[in-house]
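Colleague: Each chain, letter by letter, is given below.
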Amino acid sequence: MHISDGILKPEWVFFWFAISTIFIALGLRIINKRIKEDPVYLPRIALLGAVVFVISVWHIPVPVTGSSSHPVGTPMASIIIGPFATVVISAIALFFQSFVAHGGLTTIGANTFSMGIVGTFGGYFTYRLFKNISPLWFSAGMAGLVGSILTYMTTALELALSLNPGNVMHYWKLYSLGFIPTQLPLAFAEFAFTAYVIKYIHDTGSMEKIAVSCPLDRFTKTALLLMVSIISIIAIGAYAGYLDGAKMAGTDGIVEAQAAPLASPDGIGIRLMALLGEPLGFAMVGITGGLFTGYFLSDLRRRN
Amino acid sequence: MPGWLSGDPLNGIIITVAFFISVIIGKYIRMKRTASGFRGKSIDQRIKLFVLFFLIISITLMTHWYIPIGISMVCILISIRANKFGDYSRKLVFPLVLSLFIIVIQGLTYGSTKIDLGIISVYKEGFEYGFLIFSRVFAATSLIILMLSTTCETDILDAMRWYRIPTVVIDISSLMIRYIKAFSTESRKMKQAQESRCGFSRSCGFREKMHNIASISGALIGRAFTRAEQVYRAMVSRCWKHDQSDMLGHRPLNNSDMLLGFALSAGIIILLGIDRAL
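Protein chains in written order, with the working numbering: chain A, 1 to 304; chain B, 1001 to 1278.
Derived from the structure by calculation, the hints contain no laboratory data. Each residue gets a CB set at the ideal place from its N, CA and C atoms; glycine is no exception. Check the hints yourself; a few may be wrong.
Facing chain A, from chain B, some residues (calculated, C-beta under 8 Å) [as the list claims (entries may be wrong)]:
1) F1053
2) I1057
3) L1061
4) L1092
5) Y1110
6) R1136
7) V1168
8) I1180
9) S1184
10) S1215
11) G1218
12) F1225
Working from the sequences, and respecting the hints, build out all of it.
Modeller: This is the structure we're talking about:
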């Protein structure tokens, strides 16, 4: 999964660094807070970092993608020490792995995003989803399986976005397919490994001693879960549309035909979009709406 | 009779004179340095780290393969000179194999101008793009391997501290370096112990083997957590503090190191300019 230096274009190097930095900063904040409460937390996460390093350093080359396959270990770490701390330790593990020419320095952001963020949160949410409805070993195993597969799909997307920006969907599919022969058996091995390890730690009574719950309140968890669910639905829908022959050109045509006659050409929305460009414009709309909803939602609920 | 010899002797004379005078000067400098016990000045790790990152970013910006391949050749020469070629080449194999695959995939799938090779045909644009990526990976990986074979991890962490990387990251990293080695040694020992109890015999199926590996890993993690706590308490009892940035201080960068940093950065920018001008 590790992408070497020189493969990604500089704009993508900085883009993945920017996204990963946000998650790493959040992780550091949580780690610092926890260390103040319990100083022994520091060697614990360092140890889990060593575990992630050792697990993810065994790799086999993947011919089609120009990358490698290996177990990720981050879903297991997220179950034990929480997802945000896992993002930080996976970034550090990736930094040390670049010392052995596995991955690279400029691609730490991209590799952290796939292994440390998508793999970790994908695995962690799967674990939480299955935890109450299935045995512990199964939920932990599913976390390993889903985390591993999501990591590789994200790596394939990163490669497609940077190497072949003109035909992303085709190359994403090609790179994802390239990972299957090596990654699918490894993902099942990771299922078994994570399931057995978590079960063993639980059975020996160490789980209560070492596991750390995710320090997020219910509201944040629900919001994150909703975000992941909606993004998954959009991604699945987009992929289904692509398989059906859609050109992924967006819905501008439909919007223009249906809504443009009613819209004021000098309206703030159109002016904002012209000023910021579409992606930033949508981000601004999301931020404004989200802040407004988040600020007043608890007040509304209290009144109800 | 070659044309340059019979018709234009001036260039031949100039190159011959320049070459041999340079050989004599080079030999003289070498003798003088050996006599005075000069062993070469090691570059400050902070400058090394900055230049490395800057150079790798610049390599990814390059649009021709000439300069990255040139950098790779220089790295090979340095590794031979430093008696590190064996280690260098061993670490280089994996990234190079992966980037060769990129040449193949891009050559087979990307572009419009077909080149017929008999059995298969490849695309010219894809092949060129793949080779550019190959050259970038070759250069960047060579630089990292060389840098890390000449700098120890603690020096790199010290340089990171100087660059104001959060203290908690440095602390986790320094503990991780220690634990990775301890963890690898301990896991090997436990695997051998399990093997001596026929834990990994050939008659074992996937399920049993996975059960064995996971039991070892689970026990190792559980045991290591306890050990990590003990080690941490021992460190604290010897006055180790979580945030040591104020205690350690930093050696200031001297003028010659700063000058070297500027010169190398300027050199990188010139290389980038040459690449764009080509």
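Colleague: Are the hints correct? Go through all of them and say.
Modeller: Here is how each hint holds up against the structure:
1. F1053: holds (6 Å)
2. I1057: Constraint on I1057 (chain B) satisfied, holds at 6 Å.
3. L1061: It holds, given that the least Cβ distance between L1061 (chain B) and chain A is near 6 Å, below 8 Å.
4. L1092: OK, holds: L1092 (chain B) within 8 Å of chain A, min 7 Å.
5. Y1110: This interface hint holds because 6 Å falls under the 8 Å limit.
6. R1136: Holds. Min distance 3 Å.
7. V1168: With a closest approach of 6 Å, the V1168 (chain B) hint holds.
8. I1180: holds (5 Å)
9. S1184: Interface hint status for S1184 (chain B): holds (6 Å vs cutoff 8 Å).
10. S1215: S1215 (chain B) check passes; min Cβ-Cβ to chain A is 6 Å, inside 8 Å.
11. G1218: holds (3 Å)
12. F1225: Because about 5 Å separates F1225 (chain B) from the closest Cβ in chain A, which is inside the 8 Å limit, the hint holds.
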